[in-house]
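Colleague: Keeping their order, the protein sequence lines are chains Y and R.
Here the working numbering is used: the first residue of the first sequence is 1, the next is one more, and so on.
Here the working numbering is used: the first residue of the second sequence is 321, the next is one more, and so on.
Any given hint might turn out to be false.
[To be verified] Quick list of simulated restraints, FRET-style, between CB atoms:
| hint | chain 1 | residue 1 | chain 2 | residue 2 | range |
| --- | --- | --- | --- | --- | --- |
| 1 | R | Val390 | Y | Pro152 | 27 to 37 Å |
| 2 | Y | Phe281 | R | Pro530 | 37 to 47 Å |
| 3 | R | Ala432 | Y | Gly273 | 49 to 59 Å |
| 4 | R | Pro530 | Y | Tyr161 | 41 to 51 Å |
| 5 | Y | Gly273 | R | Glu497 | 45 to 55 Å |
[To be verified] Reference listing, derived: stretches of chain R covered by chain Y, where coverage requires no fewer than 3 residues with Cβ under 8 Å from a Cβ of chain Y:
| hint | segment |
| --- | --- |
| 6 | 416–425 |
| 7 | 428–436 |
| 8 | 489–502 |
| 9 | 570–584 |
| 10 | 588–595 |
[Unchecked claim] Here are a few chain R residues that face chain Y, going by a calculated C-beta distance under 10 Å:
| hint | residue |
| --- | --- |
| 11 | Val355 |
| 12 | Asp537 |
| 13 | Ala538 |
| 14 | Gln540 |
| 15 | Thr547 |
FYI, nobody ran anything at the bench for these hints, they're computed from the structure.
Bear in mind that the values here come from a model prediction, so they are computed numbers and not experimental data.
Note that beta-carbon positions come from the ideal geometry of N, C-alpha and C, so glycine has one too.
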Amino acid sequence: MILRRPFFWLIALTIAVFAAAPRGADVELRESLLLAAVYITLASNLNLMLGYAGYVNFGSIVFFGLGGYFCVYFMGTLGWGLVPAALVAGVAVSAAALVFGWGILRLRGVHFALATIGVNEGVMAFVTNFQPWGGSTGIYLSPELFQPLGGPRQALWIIYYLLVGIMGISLYLSYFVKRSKFGLGLLSIGQNEDAAAVLGVPTPRYKALAYSASAFLPAIAGGLYFFKGAFIQPADAFDLTLSTEAIVITMLGGQGTIVGPALGAYLYEELRGWLLTSETFANFQLVVAGVLLLLIVQFAPDGLMGFFYRRWPRLRRLLE
Amino acid sequence: MLGLAASLVDGVLVGAVYGLAAMGITFIWGVMDVVNLTHGAMIVAGMFGVYLLIAATGVPAYAALAPILVAGFLAGVALYWIAIHRMIGRPPLMSLLSTFSVNLVLIGLGTALWGTVLFNVQVSLPGFRIGRYTFPGTHIMAAVLTAVIAAGLYLFLYRTRAGKAVRAVAANREAAELVGIPTTRILALSCGLGVALAAVSGALIATMFPFTVLSGDAYQLKSFVVTVLGGMGNPTGALVAGVALGLLEGLVTPFMPVSWILVIEFVLFVVVLIAFPGGLLSVGRRRVGAR
Numbered sequence: 001m002i003l004r005r006p007f008f009w010l011i012a013l014t015i016a017v018f019a020a021a022p023r024g025a026d027v028e029l030r031e032s033l034l035l036a037a038v039y040i041t042l043a044s045n046l047n048l049m050l051g052y053a054g055y056v057n058f059g060s061i062v063f064f065g066l067g068g069y070f071c072v073y074f075m076g077t078l079g080w081g082l083v084p085a086a087l088v089a090g091v092a093v094s095a096a097a098l099v100f101g102w103g104i105l106r107l108r109g110v111h112f113a114l115a116t117i118g119v120n121e122g123v124m125a126f127v128t129n130f131q132p133w134g135g136s137t138g139i140y141l142s143p144e145l146f147q148p149l150g151g152p153r154q155a156l157w158i159i160y161y162l163l164v165g166i167m168g169i170s171l172y173l174s175y176f177v178k179r180s181k182f183g184l185g186l187l188s189i190g191q192n193e194d195a196a197a198v199l200g201v202p203t204p205r206y207k208a209l210a211y212s213a214s215a216f217l218p219a220i221a222g223g224l225y226f227f228k229g230a231f232i233q234p235a236d237a238f239d240l241t242l243s244t245e246a247i248v249i250t251m252l253g254g255q256g257t258i259v260g261p262a263l264g265a266y267l268y269e270e271l272r273g274w275l276l277t278s279e280t281f282a283n284f285q286l287v288v289a290g291v292l293l294l295l296i297v298q299f300a301p302d303g304l305m306g307f308f309y310r311r312w313p314r315l316r317r318l319l320e
Numbered sequence: 321m322l323g324l325a326a327s328l329v330d331g332v333l334v335g336a337v338y339g340l341a342a343m344g345i346t347f348i349w350g351v352m353d354v355v356n357l358t359h360g361a362m363i364v365a366g367m368f369g370v371y372l373l374i375a376a377t378g379v380p381a382y383a384a385l386a387p388i389l390v391a392g393f394l395a396g397v398a399l400y401w402i403a404i405h406r407m408i409g410r411p412p413l414m415s416l417l418s419t420f421s422v423n424l425v426l427i428g429l430g431t432a433l434w435g436t437v438l439f440n441v442q443v444s445l446p447g448f449r450i451g452r453y454t455f456p457g458t459h460i461m462a463a464v465l466t467a468v469i470a471a472g473l474y475l476f477l478y479r480t481r482a483g484k485a486v487r488a489v490a491a492n493r494e495a496a497e498l499v500g501i502p503t504t505r506i507l508a509l510s511c512g513l514g515v516a517l518a519a520v521s522g523a524l525i526a527t528m529f530p531f532t533v534l535s536g537d538a539y540q541l542k543s544f545v546v547t548v549l550g551g552m553g554n555p556t557g558a559l560v561a562g563v564a565l566g567l568l569e570g571l572v573t574p575f576m577p578v579s580w581i582l583v584i585e586f587v588l589f590v591v592v593l594i595a596f597p598g599g600l601l602s603v604g605r606r607r608v609g610a611r
């Protein structure tokens, strides 16, 4: 019974802390936690590909950005409410990812990774030229769209709680996938794809499904995030930095674990806050992220969780 | 009609430089089975190299190519020892992430130093005029220099001991090690050559088009397209495929806005990857130096 497992409740506790921590006027803490929730959502979903199946998805930000575009378009032009717009955006992006994943599912290893790099460039170039979505200038949302949610101030809180919810679902998704037959198949692909295929794992289908599944929640998060800013443009939506940060976070915490991406996201958000306030480092965020990633890949490919597991092997029983 | 012909000829000239850039990536790929994701950043480094050298010393743009070639080689050797050496023989995931992180550092440094504004290298070279159309002198010069460099690479691979060693390592690393070839040194040398090609092609591109710190991504994508068209690890194929891509750009340019080109190239990239995983121009699996 999954409810008996302490880890199930540990996730619930994390969500509760996120939901309860910022109170009333503490907007600064809320914004910081909101960003952490977005990071955790992106990193946990990236982890489905990177950590479980061993496939780098360099273009994971496409899901976030496209979700944002769909949601903003549905709300601004078609006049939908926030929740249906975000949900349909998630479904649309997930379906697009499935179709695309179906196309590139025959590719393996490096070739798959290259295709995902191209996705970001290709989609960004497409959106920049796509006039219904405002081309390179993007789309502005009217502030009146905040009215149904009780004005801008209350709307920001609602968006925060929704994003925390998305974060929670992401963590549970990682957990359930890992404990399922599907997850076992993905992990075996990560270990040895040929052996997995010989043993009857439908590797192309699983990869495409994992790719599609890892698109759904980031797309919804993107919709909420860009609705919050009431503005979306290609340079923000497909920002290489966020895609990169998701990879750094996953590797920092420990690929293939569930606690890892969350832990990595929290630490990275702390580090980022410190870097942004420091005069010298404000411009060098990418450089710091790059050096960090290089060190992890070269010397500690298992990340922090790998270190903890080696140090305290009993943790394996408690954490996932 | 003449306009289209002129556009095609210009496409071939520019495409040759794409081919040169792609040779850089396909060379490293073929020899050590590593996809060099710093490729785009190294192209940009070449662009800024030519810009800064001209700004600092006032030498003509083409005189700056030699120091850029040397600096690119050294950067490539450094890249090998920093990011690739420990990744040889490990899953491709790791070498991808490793070179990707170096790419981040370079792009991060570039944006911190120069921002993302457009830069321009002024080269005054008389064009070649046919009727109403003028082919820019820089494009002709770039294509000629590409041919020279490609010929040099060919001579190196087939006429020198070190070049033969590179081909041996590409064909079978263990066997090369057994017959006494210092494989690690050869790998570092190959990485240096690949990056030098990327940097020098960047310098040539800078003489033709304006650029920013972030231009590397677009040219890296072009290099990937060329690489999959020409077959991974096949330098000759890369040059031919580069010209083919240039032809395609020349064909498309008169009919649609330039900004759509990247979308078309990406679609082409995915289609070719799926339909011809071995490359359009190679039958079976050809590697660096395989005849």
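Colleague: Next step is simple, just say for each hint if it's right about the structure.
Modeller: Verification of the hints:
1. Between Val390 of chain R and Pro152 of chain Y the C-beta distance comes to about 58 Å, which lies outside the given range of 27 to 37 Å.
2. Under the hint 37 to 47 Å, the C-beta atoms of Phe281 of chain Y and Pro530 of chain R, about 30 Å apart, miss the expected range.
3. Between Ala432 of chain R and Gly273 of chain Y the Cβ separation comes to about 19 Å, which falls outside the hinted range of 49 to 59 Å.
4. The hinted window of 41 to 51 Å between Pro530 of chain R and Tyr161 of chain Y holds, with their beta carbons roughly 47 Å apart.
5. One distance hint, 45 to 55 Å for the beta-carbon pair Gly273 of chain Y and Glu497 of chain R, holds here, with the actual separation near 49 Å.
6. Note: the segment 416–425 of chain R has 9 residues with beta-carbon separation from chain Y under 8 Å; the three-residue rule is met and the coverage holds.
7. As drawn, the segment 428–436 of chain R meets chain Y at 4 residues by the rule of a beta-carbon pair under 8 Å; at three or more, the given contact holds.
8. With a threshold of 8 Å between beta carbons, the proposed coverage of the segment 489–502 of chain R by chain Y is violated, since 0 of its residues qualify and at least three are required.
9. A count of 5 residues in the segment 570–584 of chain R with a Cβ less than 8 Å from any Cβ of chain Y is obtained; the coverage claim is therefore met, three being the minimum.
10. With a threshold of 8 Å between beta carbons, the proposed coverage of the segment 588–595 of chain R by chain Y holds, since 4 of its residues qualify and at least three are required.
11. For Val355 of chain R, the shortest C-beta to C-beta distance to chain Y is roughly 5 Å, which falls under 10 Å, so the interface hint holds.
12. The beta carbon of Asp537 of chain R comes within 6 Å of a beta carbon in chain Y, closer than 10 Å, and the hint placing it at the interface holds.
13. Interface hint at Ala538 of chain R: satisfied, since its Cβ lies 7 Å from the closest Cβ of chain Y, which is below the 10 Å cut-off.
14. Contact between Gln540 of chain R and chain Y, as hinted, is supported at the beta carbon level, the nearest pair being about 8 Å apart and thus within 10 Å.
15. Checking Thr547 of chain R against chain Y by beta carbon gives a least distance of about 9 Å; that is within 10 Å, so the hint holds.
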